[in-house]
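Turn these sequences into a full structure, and let the hints guide you.
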Amino acid sequence: MRQPSTSPVVALRAALEGARDSLSAEGLGDALARMTGPELAEVMTLGDEVRARAGAAQVRITAEAAHRGEFSTARRGAGSVHAWVRENAPSLRQAGAGQVAALAQDVACSVPGGLWSTQGPDAGAYADPSRPEGVVWSRVVTGEVGPALALTALREVARMKELLVPEAVPTVTTAILDHGVQWGAAEAKKIRTSLLAEHGRSGELDDQHRRLRGGAYLSSPQVADGDVTEYRMAMTPEQAATLEAAIGPLSRPEPNDETGERDLRPAGQRRVEALAAVCARAIGSDAADSAPGGAATTVHVAMGLDDLRAAGGDASTGSGRVMVSRAQQTILAPATVRRLACDADVIPVVLGADGEVLDLGRAVRLFTRSQRRVLWHRDAGCTFPGCDMPAGWTEAHHLVHWADGGRSDLDNAALLCQRHHTLVHDRRLVATVHPPGADGRAVAWDLTPGSYDRALPGRLEEMRRARRGVDRLDTGPPDPWVTQPPERVMRQIADELEAEHLADRWPLTA
Numbered sequence: 002m003r004q005p006s007t008s009p010v011v012a013l014r015a016a017l018e019g020a021r022d023s024l025s026a027e028g029l030g031d032a033l034a035r036m037t038g039p040e041l042a043e044v045m046t047l048g049d050e051v052r053a054r055a056g057a058a059q060v061r062i063t064a065e066a067a068h069r070g071e072f073s074t075a076r077r078g079a080g081s082v083h084a085w086v087r088e089n090a091p092s093l094r095q096a097g098a099g100q101v102a103a104l105a106q107d108v109a110c111s112v113p114g115g116l117w118s119t120q121g122p123d124a125g126a127y128a129d130p131s132r133p134e135g136v137v138w139s140r141v142v143t144g145e146v147g148p149a150l151a152l153t154a155l156r157e158v159a160r161m162k163e164l165l166v167p168e169a170v171p172t173v174t175t176a177i178l179d180h181g182v183q184w185g186a187a188e189a190k191k192i193r194t195s196l197l198a199e200h201g202r203s204g205e206l207d208d209q210h211r212r213l214r215g216g217a218y219l220s221s222p223q224v225a226d227g228d229v230t231e232y233r234m235a236m237t238p239e240q241a242a243t244l245e246a247a248i249g250p251l252s253r254p255e256p257n258d259e260t261g262e263r264d265l266r267p268a269g270q271r272r273v274e275a276l277a278a279v280c281a282r283a284i285g286s287d288a289a290d291s292a293p294g295g296a297a298t299t300v301h302v303a304m305g306l307d308d309l310r311a312a313g314g315d316a317s318t319g320s321g322r323v324m325v326s327r328a329q330q331t332i333l334a335p336a337t338v339r340r341l342a343c344d345a346d347v348i349p350v351v352l353g354a355d356g357e358v359l360d361l362g363r364a365v366r367l368f369t370r371s372q373r374r375v376l377w378h379r380d381a382g383c384t385f386p387g388c389d390m391p392a393g394w395t396e397a398h399h400l401v402h403w404a405d406g407g408r409s410d411l412d413n414a415a416l417l418c419q420r421h422h423t424l425v426h427d428r429r430l431v432a433t434v435h436p437p438g439a440d441g442r443a444v445a446w447d448l449t450p451g452s453y454d455r456a457l458p459g460r461l462e463e464m465r466r467a468r469r470g471v472d473r474l475d476t477g478p479p480d481p482w483v484t485q486p487p488e489r490v491m492r493q494i495a496d497e498l499e500a501e502h503l504a505d506r507w508p509l510t511a
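Just so you know, we're using the working numbering here: the sequence shown kicks off at 2 and counts up by one.
Keep in mind the hints are simulated off the structure, nothing from the lab.
Calculated cross-link-like contacts (lysine to aspartate or glutamate; reagent style EDC-like; alpha-carbon spacing at most 20 Å):
hint	residue 1	residue 2
1	Lys191	Glu163
2	Lys191	Asp179
3	Lys191	Asp208
4	Lys162	Asp107
5	Lys191	Glu157
6	Lys190	Glu157
7	Lys190	Glu163
8	Lys190	Glu205
9	Lys162	Asp129
10	Lys162	Glu199
11	Lys191	Glu205
12	Lys162	Glu205
13	Lys191	Glu245
14	Lys162	Asp179
15	Lys162	Asp208
16	Lys190	Glu145
Here it is as structure tokens:
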């Protein structure tokens, strides 16, 4: 007796139900416990192949349903491919439904007529192996390429197509897919430039980089009181390469082998501090060539001088507000202003009760260029224990802070990198200068938090005795404008210059 043939649909349904039941929690439970290590790896690989094939089947089924309009008829004329996928594949609601729907709908819309899956090369772009769509589809149906990577590859090729040599388009598509299969859809976008360099039209990469210059920018600072100041930036590849070359070595973690302290700074903090160090070094180099003191920065700070001198330890009061720069109105904490006073021109702007400017102070005296050179030779680099930052990347620190009356003398100075300069001020640490020891160091640090505040009274007393009781901030030599001629003499000079100018412009005729 002849057996009735089994319908393909019945056989497919039976196979899927069998795989589903085998991979259920109950089906795997007993088997997993009896598997060896190699068997676990084997089943893992088989399960991944089943998942990939099932994902490919979902795309193909959705494309067929979209081509027929099933998503509308199932919802009585109202619906979408995305909604159809979410309704019939609940696991994709967590992630992926939109990508399956987008790819399947694009496949369905590429078919000029008939069932897309049976029309061969005439079924549309996805059936043509010479086109990007065909290259992508041939690997989607095997489960090797998922919807996310497929859509990424199609977008990238569409973006680059007019820039490429025409015969290289399939090669570029394949390269994007290969890279994405290995490293993920997000990484597939990152080889665009290398592909353009290899397969682009003549001069296209140069033109693209020239066009990129107009898109590079650095925003003005977005200043918010009590919060970080925000910048937005986009750079050309050349600019980005230069930046990374500059800050890369400085932004690596720096655990201290000598003290055993780990570097717990997040990567973002390390990078921004490295950028600040690069900028400070550049400014410091310019200043060293043009000004005797070689200040790293000139900061106009609206802060009472009494508050500046009192801002130490637990008694910090007041605040500084930056003026005369694009960072205007940025609030600086007292400790920050004190640290800047070590190696920056700080110009205190004394304000009255109603905010009026009562006095504009002179820049504080800093270490001279020759003093800095001596410090470079004496300290050789950052003096903080365990730090190997070279002298060129350091700042001159007043061991007794300038705001406390410390002078810019070599026996009151030590080189510190930016990171440890901040740490020394934050932890209130003190150091002592002594003749170089066996290790060649001339600066010894007391790393006990608060050591500066404990040592300060004694050091101030020693300094007062050395100064014969004079207690003032070290502001350098007298302002040369103090000795300018009296106002009446200046007015007479101005009148004479004006008369000469008029005589040259309208000479008297004989």
